[in-house]
Amino acid sequence: MNNEYDIPTKRPLRIFAFDPMLAQLDSTRVITINVPNESLNRGPQGTRVEVIDYDGVNECLYPPVDLDDPSVLMRNGLDPAEADPRFHQQMVYAVAMKVIDNFDFALGRRIGFRGKRLRLYPHAFLGRNAFFDPELGAVLFGFFVAEQQAQGANLPGQTIFTCLSHDIIAHEVTHALVHRLRPLFRDPSNPDVFAFHEGFADIVAIFQHFSFEGVLRDEIQRTHTDLSNRTPLADLASQFGHATGSGKALRTATMEANPGQYASLMEPHDRGALLVAAIFEAFFQTYQRRTRDLLRIASGGSGRLPEGDLHPALVQRIATEAAATAQGILTMCIRAFDYLPPVDVTFGDFLRAVVTADFEMAPRDSYGQRALTVDAFRRRGIYPEFVTSLAEVSLLWDPPEGRLPPFPNELVRDLASAARELSGVSAVRGQRANTSDGSGLAVSNEAEQRRYKRALRKYATQNPGPLHLDPRREIEVRGFHSSYRISPDGQLLVDIVAQFAQTMEETSDELGGAPLRGGTTVVASSDGVVRYVIAKPLVSGASTARRRAEAQARRERQYSFVEECDHGDPQRAWCADSQLASRMLRMHNFASLHAGRG
Amino acid sequence: MADSVTIRMYNVGFGDAFMLTFPGRPRPRRVLIDCGSHSFGPGPRPMKDVVKKIIADAKDADGVSRIDVVVGTHRHQDHVSGFAQKAWSTVEVGEVWMPWTEHPTDKAAKKIRDAQSARAASLMLAMNRLNAAAPVRAMVQNSMTNARAMQTLHQGFRGKPRRRFLPLRRRSATFETPVLPGVDIHVLGPSFDEDVIRDMDPQRGESYLQFLMTRNEAAGKRLRPFSSKWSMRLSEYRRAHSHLMLTDKQIKELANVGDGSEFDLATKLEKAVNGTSLMLVFSIGRARLLFPGDAQWGTWKAALAVPEWRELLSSTVFYKIGHHGSHNATPRTFVEKYLSKKFSAMVSTRKVSKWPDIPRLPLLKALRGRSNRVVRSDRKDRPDPAGFTRDAEVVETSVPI
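Residue numbers (the working numbering), protein chains in the order written: chain A, 1 to 598; chain B, 1001 to 1401.
Note that these hints are calculated values from the structure, not bench results. All C-beta atoms, glycine included, are put in the ideal place defined by N, C-alpha and C.
Counterexamples of contact, computed for chain B against chain A with all Cβ distances above 10 Å:
1. 1045
2. 1055
3. 1105
4. 1110
5. 1125
6. 1128
7. 1145
8. 1169
9. 1286
10. 1310
11. 1338
12. 1368
13. 1370
14. 1389
Which residues of chain B face chain A? A few of them, derived with a C-beta cut under 7 Å, are:
15. 1225
16. 1237
17. 1243
18. 1246
19. 1253
20. 1257
21. 1267
22. 1297
23. 1327
24. 1328
25. 1356
Make a model of the complete structure from these sequences and hints.
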């Protein structure tokens, strides 16, 4: 490779901003996005993602696109064309990489798929569905024929490709990433777990939209800056929704709040929509605060804009604020992952993680984004368990209880070299698409990885009390990484995060395949000093009376959740006892979950 | 025994047919609750013979068969198939009770019926094309409209019976009727509660159904998303792009996506129709007789949430075990918390090898742990307790009033 020129860090690629239906109504809905640059094999096949265009209906393959071909590079990727499968491959790749880029950015490290590539099948099957399959390590996209009625701007009987919807791609790839970061969130241990998966995937899809400034400008002009209005930006998968005959987008982020919702909405998408609506409200309020001065300036002090078109310069300024707000919210949500417990997540945990992560990053909360988020959750009846109030200090996760020594030196000292590994492109520069885990710390080989795990297990075994782990049970090291972020004040923030989990396998059968688990996420500073212990212990692991009571409540909750699911399970009466041991997993899997809609 | 109600359970296999006889002068009063049998679990006698026997059993001294109330708890084949017989036109009936979802003009009722029968029809079509396994197909068959039987319930019988669709909207859920003097009828379900109604919707599955259909259709008339110039054969692709590994195993896994979902859809529909079941308590003297049809958890939950229903349920002296003794039709809380120790119970059921958990033996055991007066229609799995009589066709008992 020729090194006389700087290798760009980003690669521009063209996509439909929403989907082909909205693009055909308005040509500005074809946009160019920048994704991390890496040299690509045909496919595209990069280090973390690969597209294999196997058509499961016609049992044939479509030739893989070569995005490194000069004729393609010269025009920012292929022109959008529904009839060319190579554009489909480009679009799924581009949107997937954009999502991954957002995760990398927010988490301050490269998120790999544990040495494998996430596989995308853009035309896997015939059906109104797309889903992430954890067993296959792949996202499967369906295609189908539009309904004859209520198809919106689609032609009746037109072929609809789910792989050409930005929202659907972003949603499914987010599932894959969430699964990568917290594999134990596959266990349906409470009603929030799958709802979190769904809601979070929608949040990423929606806020990724809002970072597309061109589209944003149009919408700001059209809605006269009221982005809470019915705008396609707040809707998900518009073409899909219309093509399946529902006459509207698949879901929308603007749902009225009422405090009974959290207690009553149980279906994962409905419940997930609650999370989306809460985050969207926080976004919208923050956006209003951030643009209030602009509106005052533009309106001579009244804040009320005159009728008619807005000045393009004003639109541009507002769009910049909206995009920055959206990116801020998206980053805040993703960053929360480092502060989530390894098991049994609830919306309340997510709120606490958001607050803690954001507090660490920007203690001042200058736009009130954090406070507005808490309030949006409160208005929907979402309260974290076991906190005394919704004040910021009570929502922050707990510091270690009791004496907890810092992480051992051998774990901490390699951080500097890890930082080098992280600097994005340099790691892949010049090399042709090798798989590399790149999961943060310089864990270059398996032996080293084992060494880290051993050291961590030893650390946990020596400190079971403050970590709320049961010393008589196996302690599993679920993850260890460092992250590097620049705070708004310009400081380099380094975190070390370790996760431990414990499983009561003996409860697996009665709980339908999702055994009782306990786990602890430990967040330390670069010197190894532990700042937060985010524990969801087993009853036997809880080392204080308060924690024990919480653990008991958590256990009760899981048993009654399983009972509730059993009550509602149509298959329960008809299947054999031998199938009962996996019934919760059967009732909760991504494929059937997604088939339910549409 | 003049001061008791007799309960007669006809052996219809996997189905329900119960006759209650209340003492009365000059003639006793009769209530027939359901009359049907599942095509996948027939009884020892053909339905025609069972119907003949029921009609004969209902004969008054003047030679006319009279049934004061016919109840169709819900429109499943295994509860109504017998009503398709012509012989019913000779039977004089006082009233016919059905769930509110059968109301011919009520909008909400019509919507539910339409959703259920549309789903049944499209599923049936898919099952045929998919060559689905017999038990799955039979399950869908169970929810098909059963038009002839339903017509008898809606328009048939002698004597211009009055039709009641229960419970009545905005009226008391407890009523009396001149055809059953001295009996209070409590309608515990199906309620108009939103959760209960949601249970009646075979929702969430239309897209899977389409997926199944199209996958199968694809074999004949393939939907080609792109011009044929693009398509490559596997061998060609592997040669040209060996870095993109697509193994035979992976191809097979992709082909298997969605397998088994027809069973899922069939059970969803089954549950939705069961959700419309009438749940009745007949109250006479001290006796409380509970007939929940095939009511599912939604209906039970709504009923158990009402204090006076809880009290009523706790005084049950006869319990028709819900849904052939399956899980989810008899809540554990009802057995453990509300059912008293002095009750009789009957379950109309039979073993079908493909549905091994019906009747659910732990449930029968739990019931028998509280009262030994629990019997099943298909066999004596222990000597019948005192007070029960049995022959090949019926099991009978009586409870004092």
